[in-house]
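J.: Use these hints to put chain Z onto chain D, whose structure you have.
Those protein sequences? They're chains D and Z, same order as listed. Heads up: the first sequence is residues 1 to 454, going by this note's numbering. Heads up: the second sequence is residues 1001 to 1937, going by this note's numbering.
Hints in this document: simulated from the structure, not taken from any laboratory.
To be clear about the criterion: a stretch of chain Z counts as covered by chain D if any three or more of its residues have a C-beta under 8 Å from a C-beta of chain D, and this derived list gives those stretches:
# : region
1 : 1006 to 1015
2 : 1294 to 1306
3 : 1371 to 1383
4 : 1493 to 1504
5 : 1571 to 1580
Only some residues are given here: those of chain D computed to face chain Z with a beta carbon under 10 Å:
#  : residue
6  : 53
7  : 92
8  : 99
9  : 103
10 : 109
11 : 128
12 : 145
13 : 213
14 : 229
15 : 246
16 : 249
Think about it this way: if two alpha-carbon atoms lie no more than 27 Å apart in a straight line, the pair counts; the simulated DSSO-like pairs of lysine-lysine are:
#  : chain 1 : residue 1 : chain 2 : residue 2
17 : Z       : 1294      : D       : 179
18 : D       : 312       : D       : 84
19 : D       : 407       : D       : 304
20 : D       : 204       : Z       : 1294
21 : D       : 336       : D       : 304
22 : D       : 233       : D       : 204
23 : D       : 233       : Z       : 1294
24 : D       : 337       : D       : 84
25 : D       : 84        : D       : 311
The beta carbon of each residue, even a glycine, is placed where N, CA and C say it ideally should be.
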Amino acid sequence: MRRKPVARTAVVSVVAALGLGVVGVVGAVPASAQTTPGVTGNTITVGGVAGKTNPVGQPYASGFDGVQAYFNYINAKGGVFGKKFKLVAQLDDQSRASQNVQEVRSLVEEKKVFAVMPVVTQIFSGAPYLAQKGVPTFGWNINAEWNSGPNLFAEKGSYICFTCAQEAPAYLAQQVGAKNVAILAYTAPQSVQCAAGMEAGFRKYGLNVVLNDSNLQFGFSDLGSDVDALRSKNVQFVGTCMDIAGEVNVARDLRRAGLNNVKFYAPQGYDPNTIAKYGNELNGIIFSIDFVPFETPNVSPGLKNFETQMKKTGKQINEQALSGWINADLLYKGIKKAGPNFTQKSVIDAINSINGYTADDIRPPINWSFDGHGPPGAKGDVPDLGKETCAAFVEAVNGKYVPRFGKPGQPFVCSQNNPLPATLDSSTLYYRPAKPGQTLPPTATVPSTDPATP
Amino acid sequence: MNQFVSWLIEGIPYGCVYALVAIGIVLTYKTTGVFNFAFAAQAFIAGAVYVEMVEVDQHRLVLFGHEILGARAFGLIVAVLIVSPLIGLLLDRVLFRAMRTSGWQVKLVSVLGLFVALPEITKIALTGRQPVPVTARSSIPPMFGISSAGFNIGTHFVAWDFTMAAILTVFVVIVLGLIFRYTATGLQMRAVVESPRMVELAGVDSERVSALSWMLSSTVAGLAGVILVTLAQTLDSTVLTLVVIFSIAAAVVGRLQSIPITFAAGVVLGFADRALPDVLQSWFGVNSSSELAKDLRPTLPFLVMFLVLVLARSIRQRRESADPLAGVDPPPPAMAHTYKTPEIERTTRIVFPLFIFGFVAAMLCLVSGLWVFRITDGLTLAIAFLSITIITGFAGQISLAQATFAGLGGFTAANLALGRGIPIIAPHITSGNHVPVLVGVAVGAVVAALMGALFALPALRLGGIYLTLATLAFGLMVEQVIFNRPEVSNSAAGLHVPRPEFAHTDRTFFLLTFAVFALVAYAVILIRRGTTGRFLMAIRGSETAAASIGINATRLRITLFALSAAVAGIGGGMIAMSGQDVRVGDAPTFPTITGIVWVVLVVTLGSRTVDGAVNAAIGFVVFNWLLGDALRLEPGIVLILFGLGAITYARHPEGIVEYQTRRSILEMARGRALGARAKALAAAHQLPDAYTPVWRVVLGCAIGPGLYFAYLLVRSITQLHARLTGTAPYVRMGGHWADVHSTTLLCFILPSVAFLLVWMWRTDTALGRQHADRRGKLVMIGGAALGALLGWLLQSSGDLPGSALDCALVGIPAGAAACTAVWLPYQVQLVARAKGWLESPITWREGRIPAAFTLAAVYLYSRVTTDTPPNGWPVCFVAVVFTIVWLQSVAAIQGAVNELAIGNEGESQRRAEGLGQPEFDTPPAEVPVAAPTGGAE
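Okay, chain D solo, but in the shape it has when bound (with noise of 0.2 Å):
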C-alpha cells in the first residue's frame, strides 16, 4: 500500500475546512458579555503596530519600549482603576500598505485591545479602518493619516503638513547668518515634499536658495556636481531631507571639498545612539525636535521620569520609545479623565478635552479640544489658543548633542502660527519651557488643563 493522493487531498480538505470553519466560527460569534473591548476586571490590553522591517534601518520598534516603560511605571502604583496595562501585540507592517491594514485590523478583530498603540511606522494606510472603528489610537506622527478621525492621537499632535512653510530651517539659517542656501533630497516622494516645504520657508523669510536638489538616489550618490554649486555660490547653510546615512555623507564631502563652515539642518536623525557611533562625522548638523532634549532632563520631570524607566528596562533611549512613553501616558490620563466606568469613546471624548497636555513638561503644550486634529488655529472661534508652533534645536559638536538657541529652562523657540509671522525675529519669536502658560507672549495666554500627574 502507497500514499492515497485522493485520501490525502481528502484529509487536506477536512483540516482544512475545519479551520476554516473554526476561524469562520470564532469570528462570526457575537461579542460576549464584554462591552468594552481588552478590558477586564484586572487588565486593560493594547497592542501596537509598528515598521519594525523598514528600509531606512530606523528603531521603530523602540515605540514599543517607551509604551512597555510606562506601564511598568503605572502598573507598580497599581495601575488604573485597579486595573492593570498590559501591552499583548507588537506587530512588524513591515513597512507595506496592505501589511498595516491588516495587522491593525489583527489588533482590533483577534486580539480585541482596547487601544492600539503605539503606531510606529512609514505607512499608516490603516487610520481610516481605526477611524472608522472609534478605537483610541496612539503613535508617532510622521504620517498625514492621523488626522484621519478624533480618536487618533499622535505624540506631537495628529495633524502634519509636509508641504507647508517650514519655519525652523529658516530660523536656523538666519541665526547661522547665512544668506545661500541649499537643500538636498531623495527621489523618494516623502524626501521631495519635505524640500519642497523647506524651499517654502526659504523663501518666505528671505533667503537665497540657490540649489534645490531632489534627484539623489538613497544610499550611494556622488554629490560632485552638488559640491561644486554649493562652493561656487558660496552657500552656508544646507537642509537636508534624508536619513541619517546621507547626512553623513553629504556633511564628509563638504567637509573634504574644504566647507568646513557650512551648517546642516536635518528633521530627524536625533538619537543618542547615532551620536555614539557617528562621532564627529556629525560636527556641524543642528537637528530640530519638539520634546525637551535629552542632554537637559532637569527642566522636565516627565523626561527625568521617562530616563529612569528606561534605565529600568534596560531598552535604548530614543525619540520612538519617547513618543511610545507620551502615547501611554496621554492614555492613562484620558481614562482617569474618563472615570472608573470607562469606554473607548468616553476614554476619546475624554482626551479630546484635555488642552494644554505636555506629557509633564516634556513637550510644548497640545491643545486636543481645539487643534489637536488639525492645523493651528483649525477652530478659530477659540481665541489665544493653538496658533503656536514650536521646537528644540541641538547641534552635534564633537561627539555630543549641545541644544543651542533655547534659553536655560526654555529650550523651545516658538511663534504664533496661522498665519506664519512675517519675520522671524524678536518680535515675532519667543522662549518657553515645556511647562503651559509660562513666558508666553501676552497675547497668547493658554490655560492649562493638563491632568494631575500620577
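T.: Just chain Z now, with coordinates in the frame of chain D:
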C-alpha cells in the same frame, strides 16, 4: 576644460566602484554561465562580516608587541579572502554544480532565489534585524586605514578611500585579464561554461574548475561589498542592490563577456553621472530641480542599459551558448494532469466544484472578516501572478517588470476613480468626474497592455537573459519617471482607492475578487489550451522551427507581452482596491524589486498552472501571517523559505506543487499495483509475514494526535455554546478555545509516540534480517541520546522553557524518531541494492523532511519563552501539518518495506529505464513536447 577635468576627477572614482561591481557580474557570467543577481547578496555578506569584525574590534594580529594586522585589515582579510571564497565554494557545491548543464532560466531563477534569501539569512545570522546603520569614523574608518582626508588636484579634492577603490578596480582588471589571457585555468573556466561534458572528455576536471570560478567571482563580490559598505557608510542590502542594478548597465555594455569594455563602461557611467547635471544646466539651462533633471539623472544607467540591449546588434544577434551534448539530457517531465487516470479525473470533477462551493460558502458565512480580507488580498495577488504564468509558464521568458505593469494598472484605476484622469497621458479626460473604479481597472489593464506592447516592440529580437535584463531596465525607468511623479502617485500621501458601491464590505469584495480571478484564470486556461498557448510553447522550444511552420514570432511576442501586462494590470487594480490604498513609497507593493520576489514565489510553487499562481499568492499571505504574526518569527523567514524554495526549480522546473501532485499520482498507481499484488498473494496464501498494511501503522501513529484534535474540537464547541449562552467560564478566565496544555497533549500523544518508536525498532530489525545495516539500534539510541543532550543544552542556555529534565525527556523520542526517519529509508535502499533492484522504492532523502520538521518544532518551541507565547489555533495548524508530514513519512517507509517484501521489481526496473509513467488503463491524454535545453516549464 576645467569643468571637464572636474568631471573626470570627481566622476571616475564613482565609476570605478560601478566598474568593480560590473566586472564581478561579468566574471561570474563568463566563468559560470550564471547572471548573478545574488551578487548584491554575496557582497552584503562580506560587508556584514567586515562590519561585525571591525565593530567587535578584538581581532588583531600582534607579533613581538607590534600590531601587524589591525581590526580593519583583519576584517578585510576574513571577509574577502576567507568568507567570500567559501561562500563561492558553498554555492558551487550545494547548488550550481548540479545545474551546470541546465538552461539559463534554471540558473537565473536559482540566483533570484538567492537574491531574495541570502540577505535575510545574513541579517538574522549576524544581526537579527533589518538594515544596520553602521558606523562611522570611530568604528568603521576607511578600510585601508588611511585617514579620512585625501589630496587635492588643483581645486578638486580627491578622497583616499575612493582613490584606493579605483586602484583596486584597476588591479582586479589587470589580474583577471592576465588569468583569462595567459593561463590554462582561464581558458578552462570559459570552456566549462560552454560544455562541461565536452571539457571532461578532454580530461579536465570540470568540477574543480567550476568551484574555482565561483570562488574567484565570490571574492570579487566580497571585495566590492566591503568597499561599498565603507563608502556608503551603511550596511544595507537595499543600497547594495541599487548599486548592483546601476552597475548592470556597464556589464551589459561589455556584453557580459569583455572585462576591459565593462571597466571602461563603468568609468564612463560614473563620469556621465557626474557631468549630467552640469551639462543640463550649462548647455540646456535645465536646473537640477526641474522635471527633466529629476527624470534623467536617476534613470541614466537604466536608459543606457535598455538602449544598449535593444540597439546593440551584437547583443540582438547573440544566441545563448549551447552545450553540444545537451541532447543527452532527458526531456522535462509532463504536467501532472497528463498522468491522471479516468478514476481520478472523475473524482476531481465531483470534488472540485464541491470544494469551490464550500470555499465560497465558508467565506461568505463562516470565516471572520479579517480572514476574508487576508484571503481576498491573496486572491488579488494571485491575479497578478497569473501574468507570470503566461509569460514564464507558457512562453519560457522571465520578466522582472510584472510588478511594474501591475503598478500601471493600480495607479490608473486609482486616478480614474478619484477623478484625476489618466495621469500624463490624459489628465483631464474625466474632467474631475469620478469614473467607476471597475472601469478604472479595465482602463488600467488596457494602459498596462499598451505599455507591454510598447516594450515588446524594441525588445523583439532579444531573448534569454537579455530580455530579462531589458524588463528590469524598463521597470526601473517606469518607476522613476512615472510612478514617482506626484500627478501619478500623489507623492507620499498616496491615493485612497475606493471599492465599488456594491462591494464595499469584505465579503462582497471577496465575491467580486473571486469572480474576477475566476474569469482571468479561465482566460489563462483557454489561452494555454488554445492556438496562442500552443504557439507560445512552440516558440519557446525553437523560434526557428516555429517560424518554419508559419508562426509569426513577432506578432506573438507583442501579444505575449500585451496579454501578460494586461493581466498584471488587472491584478494591480484589484490589489489597490483590496488595500484601498496605493502609493509609491509602499516598497513591496509595486516596485521592480517586488517583481523579482513575485517571480521567485510563482516559479517555486509552479509557473505552468493556475494552481501554482494561487498557491504562491495564498501561501505568501498565509505564511506571512503564520510565521510573522502568529508564531512571531523574523519577517524575513518567509522570504528565506520562498527564496530557498526557488532553488528547487533546478530539480523541479514545473514547481513544487506540480511536482508533488505528479509524484502523488504516480505513487498512488504504484500503491494500487502493490495492493493488488498483495491481495493476489493473500488469496494464494503466499503473503509473507513481513507485509503489514500501511493503514495499520498509520492508524497506530495517528490515533493519539487525532483524538487530541477531536478533544480540542469538542472543547471548542462546548466553549462556543457557553459563550453564546453567556456562560463562558473558560474564556472569561482569559483562556482560548485552542489553548494547548502540554500535560493533556502528552497524555493523548504518548501512546502514539511509543507505537511509532516500537514500529521503527521492529522495522529496523526486519530490514536488518534482509542484509541491511545492523547498526540501526545504535543509531536510534544515539539519536535519543543526542536529543536528550540537545534538550538539556538548549534548556540550560535559556532557549527552551521548562526544566532541564523535561527538555531532556522530550529530546529522547524526538532525537530517536528524527534519526530513525532518515535511517530507515537508508536501510530500505540497502535491502533494495542487496536484492539487485535497479532503484530503491525510497531513498534516505525521504527522511529529511520529517527530521527537518522535528528540528523546526524544537525551534518553534523555543519561541514559547516570550512574554506572550504563540498559542491558539496557529499552533494547532502547525501541529496538524507536523502530524501529517510524519504520517506521510511513516506511510512511505511502510509502503517501501512492503514493496521489498512482496516484490514489484518490474515497476522499479521500468522506472529505472526511464519510462516514467505507470501502466494505466488508458494512456495519458497529452504527451507534451520537450523543450530542447531544459527551458522553463
